[in-house]
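Chemist: Here is what each chain is made of, one letter per residue.
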Amino acid sequence: MSELLVVEGLTVTFPTTRGLVDVVKEVSFTVGRDETVGIVGESGSGKSMTSLAILGLLPRGAVTRGSIRLDGVELLGRTDREMRRVRGEQVSMIFQDPLSSLNPYYTVGLQIEEMYRAHRGGSRKAARKIVTEALTQVGIPEPERRASYYPHQFSGGQRQRIMIAMALVCSPALLIADEPTTALDVTVQAQILRLLAGLQRETGTGMVFVTHDLAVISTIAARVLVMRRGEQVEYGTAEQIFAEPRHEYTRMLLESIPRIDDEVAS
Amino acid sequence: MARYLAGRIAGLALILFMVCLFTYLIFFQLSPDPAVMICGKTCTPERIVQIRTILGLDEPFLSQFRDFLVGLFAGRDYGSGANLIHCPAPCLGYSFQTSQSVWEMIVDRLPVSATVAVGAAVLWLLAGIGAGLLSAVKEGTWWDRTLMGLALGGASIPNYVLALSLQYVLVVHLQILPFPSAVAFSDGPVLWFQSYLMPWVVLATGYACLYARLTRANVIDTLAENFMRTARAKGLSPVLTMRRHALRPALTPITTIFGMDFAALLGGALITETVFGLNGVGKMAADSIAKNDQPVIMAVTLLAATFVVVGNVVVDLVYTGLDPRVRIR
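Going down the list, the sequences are from chains A and B. For my numbering, count along the first sequence from 1 and bump the result up by 115. For my numbering, count along the second sequence from 1 and bump the result up by 719.
No wet-lab data here; the hints were simulated from the structure. Idealized CB from N, CA, C, for every residue including glycine. One or more hints might be untrue.
[What the hints assert, rightly or not] Subject to a maximum C-alpha distance of 25 Å in a straight line, what follows is the list of computed SDA-like cross-link-like pairs (lysine to any residue):
hint, chain 1, residue 1, chain 2, residue 2
1, B, Lys760, B, Ser820
2, A, Lys240, B, Ser820
3, A, Lys140, B, Lys760
4, B, Lys857, A, Lys140
[Claimed, not checked] What follows is a set of in silico ranges between Cβ atoms, one per label pair, in the way DEER data are often shown:
hint, chain 1, residue 1, chain 2, residue 2, range
5, B, Ser956, A, Arg374, 31 to 39 Å
6, B, Phe792, A, Thr251, 22 to 30 Å
7, A, Val136, B, Val958, 27 to 35 Å
8, A, Thr251, B, Arg962, 29 to 37 Å
[What the hints assert, rightly or not] Which residues of chain B face chain A? A few of them, derived with a C-beta cut under 8 Å, are:
hint, residue
9, Arg722
10, Trp822
11, Arg951
12, Gly954
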């Protein structure tokens, strides 16, 4: 199986008032076709920066070194213009808070449609059909009518479904999900995870799943990268990391998950 | 929608009624005796009594106020017999100074004030929003710093200083503009434009500086929104990202402020009109205050209040069309 995404020695540096700070240090991992790789870590561990680096969406001033290859093609060092063809078309991304990630002033239909048309062109009418299909795929009832609704008219779970529909509308090879379930209720979380896993099986999209929640990772990822303070702490298959974590930090993370068979402290 | 509008109009009527009541109370009860003012220098006590009767000043406050309100909607008569003067609705009384119908004075001068307000508004929207946008997009560069420095300076210059400086340089010294006067458009578009140019610029300067800072702040806030990151992650072109995703959220709140500012200006730009000697509602207000011409002061106050209150409702209605999250129930 050839690898879809190969990240090697990725380092992201920010200039600050106290000099240069590496927010991501020498991170390496690979994502196979239709494979899910989880990136786990606490806040500030550099997991979001790693995913933004893949799309070239880091804040201004950030310097990236190393190598990010998609289908064997180097992404680092490309111009913004070249990266625009990668974004959405080959790699798309969904974010933590679907309400603020959707523009409140436009219908969800338009927001999906504009993405499709930016990459594939075509008439609005043709795009509207694609939008309906995309919304059906993620389980939005009455998709044709709901396409003319605004983001605030949906529930949190539905909004994340819309983000997923949007991310997949151009059938990208890789989907980056940055904490996609963190802002959702636990029951909705499970639904969204099931949807993502199902769609991934169906479409054969590779996925990078970023989260701070090891419990979520265990249900969805085949391989896991554990990060802390920008550094790669551990990288291996999910079974291996959950069964025999080699690093002290991974063990701590695992122990921080409340278990149902834990004795209640008296 | 109909129910909402009815509610808003009822509220509007109540506010205007209160404005009427308070201005009437202040101007007619607390200021010097109008009869003495109208009577002038050569005056007899009998004449004063006569004037009081004609104006109804001998009646208690509430019935005077009632007559005023009735006059506003149905017209009223002053005096009786051969001396009867009918004041058609909307009756705002007659100027103590010139005996002109106050309503006619307003109808006469409102176009001047409207011309000043509309021209200035176009200027300040273009300049303010343009500068604000440029500043926001080039945040932190010398473009940004220069523009915001200018905006701070411009907002700090008093209207009349700017007006007199411009007049001195452009009219007196360089002689490239005629002295401003209320020229009608039908007198020739070029002369009309030249006459109003300075008042527009002077009035627009302060607003443009304020709007530039507002626009800059709004655009910078919007650019930091999560949905802007989404737009970039979707691979949209920078132009589309900016035009569609940033501008609308950033500029919509400015509608509110613009509605208020513009409505207030329709009630007359007092300083600008006075400095340039333009016979608008603002100058009328200034003159009437200087001469204690009570019916005119009242009318100008009412007019300004009406514009502001109606402007408020219009802004709210327009807003429902601009922001899909705002809906009328």
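Chemist: Determine for every hint whether it applies to the structure shown.
Modeler: Each hint, compared with the structure:
no.	hint	in the structure
1	B:Lys760 to B:Ser820	holds (23 Å)
2	A:Lys240 to B:Ser820	violated (61 Å)
3	A:Lys140 to B:Lys760	violated (93 Å)
4	B:Lys857 to A:Lys140	violated (31 Å)
5	B:Ser956 to A:Arg374: 31 to 39 Å	violated (50 Å)
6	B:Phe792 to A:Thr251: 22 to 30 Å	violated (60 Å)
7	A:Val136 to B:Val958: 27 to 35 Å	holds (33 Å)
8	A:Thr251 to B:Arg962: 29 to 37 Å	holds (30 Å)
9	Arg722	violated (22 Å)
10	Trp822	violated (43 Å)
11	Arg951	holds (6 Å)
12	Gly954	holds (4 Å)
Consistency note: the structure conflicts with the earlier hints numbered 2, 3, 4, 5, 6, 9, 10.
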